[in-house]
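Whenever a hint applies, use it, and build me the whole structure from the sequences.
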Amino acid sequence: MTRRVLQLSVNGRAHELMVEPRRTLADVLREDLELTGTHLGCEHGVCGACTVLLDGLAVRSCLMLAVQAAGTEVMTIEGLERDGEMHPLQEAFRDSHSFQCGFCTPGFVMTVLALLDEGRDLSEVELREELSGNLCRCTGYQSIVEGVQLAAERMAAGR
Amino acid sequence: MKPPPFEYHAVGSVEEAVGLLAEHGDEAKVLAGGQSLVPLLALRLARPAHLVDINGVSELASFANGDALRVGCLVRQRVAERAGAVGVANPLLVRALGLIGHTAIRNRGTIGGSIAHADPAAELPTVLVALDGEVEATSRRGPRTVAASELFRGFLTTSLAPDELLTGVRFPPWLAGTGWSFQEFSRRSGDFAIAGVAVTVRLDTNGVATDVRIALSGMGPTPVRASSAEAALVGQPPSEAAWNAASQEAVAGLDPPSDVHGSAAYRRHLAGVMTRRALREAHERAEVRS
Amino acid sequence: MRLIGAKVPRVEDRRILTGRGRYVDDLHLPHMLHATFLRSPVAHARVAALDASAAKRAPGVVAVFTGEEMKALSKPIAVPMAEAMGARIPEFYPLVTDKVRFVGDLVAMVIAETRYEAEDAAELIDVIYDPLQAVSSYEAALDPASPALFDELGDNIVYTSSSSAGDVDAAFAAADRVVAMTLRQHRVANAPMETRGAVADYDPASGELVYHAATQGPQGLRLALANTLGLPMERLRVLAGDVGGAFGLKGYVGREDLCLAAAARQLGRAVKWTEDRNEHLLASGHAREEKIDIEVAVTNDGSLLGMRAHMTMDHGAYPGVPFPAAMFSGLVQMLLPGPYRMQGYAFDVTAVSTNKCVYVAYRGPWEMETWVRERVLDEVARELGMDPADLRRRNMMAGDADERLITGLSVAGISSRQSLERALELIGYDAFRRDQAAARAQGRHLGIGFATFIEAAPGPPEMRMGGGMFGGEQAKVKLESDGHLTVVTAQAPHGQSHETTLAQIAAEEMGVPFEHVKVVHGDTSVTPFSLIGTGGSRAATWASGAVLLSTRKVKEKVLAIAAEQLEISPEDLEINDGVITPLGAPHKSLPLAQIAMQATMAPNSLPPGTDPLLEAHETFKGEGITGSGWSGGTHACIVEVDLETGHTQILRYVVVEDCGRVINPAVVEGQIRGGVAQGVGEVLYERAAYDEDGNFLAGTFMDYLLPTAAEIPTIEIEHLETDPDDELGFRGVGEGGAVVAPATLTNAIADALAPLGARVYDQYLPPSKVLELAGVLPTT
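Protein chains in written order, with this note's numbering: chain A, 1 to 159; chain B, 1001 to 1290; chain C, 2001 to 2780.
If the Cβ cut is set under 10 Å, some of the chain A residues that face chain B in the computed set are: (1) T2; (2) R22; (3) T51; (4) V59; (5) G133.
Covered by chain B, according to a simulated footprint, are these stretches of chain C (three or more residues, beta-carbon under 8 Å): (6) 2272-2279; (7) 2698-2709.
List time: in silico DMTMM-like cross-link candidates among lysine to aspartate or glutamate, alpha-carbon distance up to 25 Å: (8) C:K2518 - A:E81; (9) C:K2007 - A:E91; (10) B:K1029 - C:E2123; (11) C:K2056 - A:E20; (12) C:K2056 - B:E1007; (13) C:K2007 - A:E124; (14) C:K2518 - A:D95; (15) C:K2518 - A:E91; (16) C:K2007 - A:E146; (17) C:K2007 - A:E153; (18) C:K2557 - C:D2572.
Hints are computed from structural coordinates only; laboratory data are not their basis.
No residue lacks a Cβ here, since even glycine has one placed at the ideal position from N, Cα and C.
Put into C-alpha cells, the structure is as follows:
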C-alpha cells in the first residue's frame, strides 16, 4: 500500500507523517508518535481503552483510520499534564483509588474529560450510563464513579 | 486484528465519490463514520479493494427542517441527537439516536452510514421504516429517492446499486400531537438491541387511533413493519387488551435469528413485550385532537 | 506514623493516570519484528497438508515456522504438577505437528516487519484439514467410542481421584432424606483488559535472551522457557513491566511464549507478539467449566449429616502449564463442605479433555465449591421448609479452638457466623420477607440471596507448616546509602498495588517515610524465586510477611551498629522518619543515612562484631502468625427479576468480609468490588460458548459480554477485622469476592423465582434462561 502524508496536531504539537491508509489512528499514535498511553483493548470499538479526544470530542481511536484525522487536533492522555502537574481529574482519580492495573485508565480519563467538559449535571445512574462505553475488569467501577464525582465537585469549585 | 490492504480515496465532492463508485462498483465501500465498517476491516470480514472516504464532502453534513426533516448523510449521530431543531422536528428520531451505542460512537457515526449499513438490529433503519421516510441517493446516472419500504432488502443489504451513494435521509413532517415511543431491550447499556420497537400513534377527538405505526428491529433480516397489527388498532379506542392483541399479532409469523444472545422464541417474546410497552407509552404521549 | 491500615495513595497511580505505564505492547526495540499466529478454524482435524511458500515470499515476511520446525527447537512440553498428581500428559509441542485440537489451535507462526504484513502473509498459508468428530461435551469425552484427542492416550480421561472422610455410609444411612441434584457451571474467560503478549529479545553476540512478558509468574515462565527450549538460565532473563490484569491467566506459560522465544533465538532479533482480542477470547484460556453431581444427607430438622460429590471438569484440549486443571479439584474437594459440620464426606473427580481451549485458573479457581454448597443449602432448606439462614445457623461452625473441617483442617478462629449475622442484618433480611410479599402482590419479583465462604489464605497452622504449598515466600530489603529502602519482592503485581502495600509495611517497620521506599518486582535477575508469582491470594500474607521479616532484620543490623556507637541498648532506640532516636535522649539522634553511608564507604569503621551489609533476604514460612489463617465472609444481595424481559436488576449488594489485618483499605475494597463484578458478569453476562461441533461463539466483545458501570451495582462493604493482635495477621482478599458472588446472586434469583416452582441448577442465568425457569418460555 502506498503511504500518504498525514498532517495533524497531537497534544498541541504539529506532526507530518507518512502512513499507510489502512493503519488505525491508535496504531499511528502508539507507534509513529510513540504515545503509548493510548491502549488497545479490543480493536473493535467496544472496550474504550483507545479513547482520545479529536477536536474536543471523545472518539475510539481504533475505529478511525489515521488518515481520517488529517487537519485535526488530537489530545491523548499524555496531553493532560501541565508542567509536570497532573490535571485535577487525574488527581481526583488518584485520591479516590479509582484504578488498579491501569490498562483501561487512559480511555476512562479521556472519556470523562470530555464528559465533564459538557458541564451537564448527571445523576449517578446517568453517570454510570455515560461510563458504560469503557470497560474495566479490575475495579467493579464504583471507585471510578467516585473519582468522577470528586473531580466534578473540585472542578466546579474551581480547584 | 489489522485491516487488510485497500486503495484509499479521500474525496471532496459527491461527483468524485460517485465517479469512483461507478469505476469500482462492488469492489468499493464508502467510509463515513467508520463505526461499523472499521471493526469489519479489523476482523477482516470486509475486504473492499477500494475505500471511498466521504468525510471531506462538507455539503453532506447539513440538515434542515422544512416541509420535511432532511438530514445529510454525514450528519454525526451525536450532532443530530443534541440539535434542538431535530428534537422539535422528530422526537422519535432523537430518542432512537440516544440509544445508539455510546457517546464516542455517536461522535463519529453518521445518520446516513447507519441507514446504509442496514443492520436490522440498529435503531435508525427501524425508525425510517416506521415513519415511511426516504433516502436520497445519487450516482453517475442521476439522483433518486428510495422509500424506506423499498430500501432494506436483506441483512446488511439495501436496494442501492453498488455505484450509488446515499446522500441524505428524509423524515416526513411530524404532526403535532403524535404519540411516540422507542422501546428496546439489550443485554447491557449501549449494546445492539435484541429486540426493539418504534411506534407512533395519532388519535382523533374521541381518542380513537387514526394512525398507528409499528416497526420492529432485530426480528428478521430487515426492519419489519407490523402492518396487520397496525390495521387492527386503527379505529379502536386504546386499551391494554387491544395493545396485547396487537403485540401478539405483530410478532406472529416472524422468524428472528437464534444466537448466543437469545433464541428465536426469546426474541419473539421480547418483541411482543416491547411492542406492548411502546404502544402504551405512545398512547400516553398522544394528544387527543382532530 | 501509622501506614498499615491507612488508605495511602498509590505509588502506581502517577504513571497509570498519565499514560506512562509500561505495558509490554508499549515496548519498541531496535529492529524488532512482529509475530502473528495462524490458528485452526476447526475444532478437531488431522493436518493433511500445509504449504507456507506463498507466505514466506510475502512482503515484509522474515520467517514462517510450522510444526516440525518448532518441534526441532523444543522438548515435549512438560507439566510437572500434572505428573506429580498422576494426571495423564500427552506429548505436545509449541505448534501442532499432526492434529489440531481446538478452534484457535496453533498451526503456524509468521514473523514480519509489521503486524499488518504478518497478518497479510498468514492468510496465504494453505492448510488442508481432514476433519474428525469434535468432542465437545462431558458425555462425549467420557464415551470410549469418541475419538481420542491424543492418539497415544487412547481416550479423553485425563485425571481421576477419590477421597472420603468420616463415615459416609453411616451418614447416609442415618438420613431422613437425601437431596440430590446436578449443578453446572459454564465456561468463562478471564478477559483482563490487556491481552497476553511478549517481546523476546535475543542478542546473538552475548547469547542472552531477555523475555519481556505480560506475566504474573516471571520466575515460573523463565524456568519453563529454559527447560523446554534448552536455554541456559544464566543467559535468560524475564522482565515484567506493568501488566494490565490477569486474574490467573498470565501465570501460564503459553505455547506462544515458547514459539516466540525459539524464533527470536533462531532469528537473532527481537520479536514481539501482542495477542489480539479475538485470539484472546478464542485461545488464551477459559475457566470454570465443571459440573458436580451432589447428594446431601439431612435430617428433617435440618442437620447436615453428609455429602457425596462427583465433579467432572472440562479441561480443554491441552494441559495448562504449569497449573493443570486437575490440581484445582483438590481445592474444591478441600473447601466444598465449607464452614459446616458433617459426619461423612466423599468426593471424587474426573477431568476430561475436549476440543476446546485450555482450562486455566481464574480468580479463585476452586469457586465451584462455594457456588455448589451454598446453592445446595438453599435447595435443602426449601425441601425441608426451613429458612435458609436458619439452616446455616444450625450447621455452621463457630470457629472454636477444637473445630475442624470433616477433612481434618482446623477452623479455629473463623468468623463465618459473625459475618453471616452481620450480612443478614445489613441487608435487612427479616424485613425483606415482608417487602418481598408486598412486592409480589404488586406483580414484582424480588429475591434475596446470601452465601458464606472460607478461604485458606494462608490457611490454618497445619497448612502453613514449612511455608505451605509453595514453601513460603522470600523478600529482599536493602538500606541504600542515603537511608532509603529498596524492597525486592517475588510478587508480580498486575493491579494489586503491591508497590504501595509492601512499601507501607516496609516503611512502617523500618521507620522511614513512605516516599523513601521503592518496591522492585518482575525482574528475574534480581527477584527471588516463586513459582506462582502473584496469585492464590498469597501476597497479603506471604509477601507481606517476607517483607516484614527482611525489613526487621535490616533494622536490627542498623540498630546494632547505632547501639554500639551511641552506647545505648538497642531496645531503647526507635527509628522515626528516617532518624534513629534514643528514647529519652533525643539530642543523641542519628540519621539513618549516616550509618548507611558509613557502612557503604567505611565498613571497617563500624563497631567490631556488627554486620556492615545492611541488607536482608529472608524466607517467611508463616512463623509468628497467631490468627486463624482463614479469610472469609458472607455476601448478601437483593434482586428484582423482570418476568417480561428476564432481566435481573441487583438492587442492593452487601459484603461482610474478614481478611484479618488490613494493609490498605482502599486496596482491599477495590479487590472485593472487582471480584464481585466478575461474579456478576459470570452469572448474568459472560459465557465462553461453543456449539456441538466445537466452533467458538464468543470471539469478540460483542458476544463475550463484560459488565459495564451500568450493570454493576454499588457494593457496600464492612470489614470484620478479627485477630487484631496478630501482627502478621494479613490475610488474602484478592479472590474472595469472585468466589462467593456467583452463589450470592444465583441464590437471590432462585429466591425470586421460587414461587413459580423454578429450580436453579445452572450458574448462567441470562434473561432467556430466567424466562425459561419462570415458565414464561419453554425450556430449550
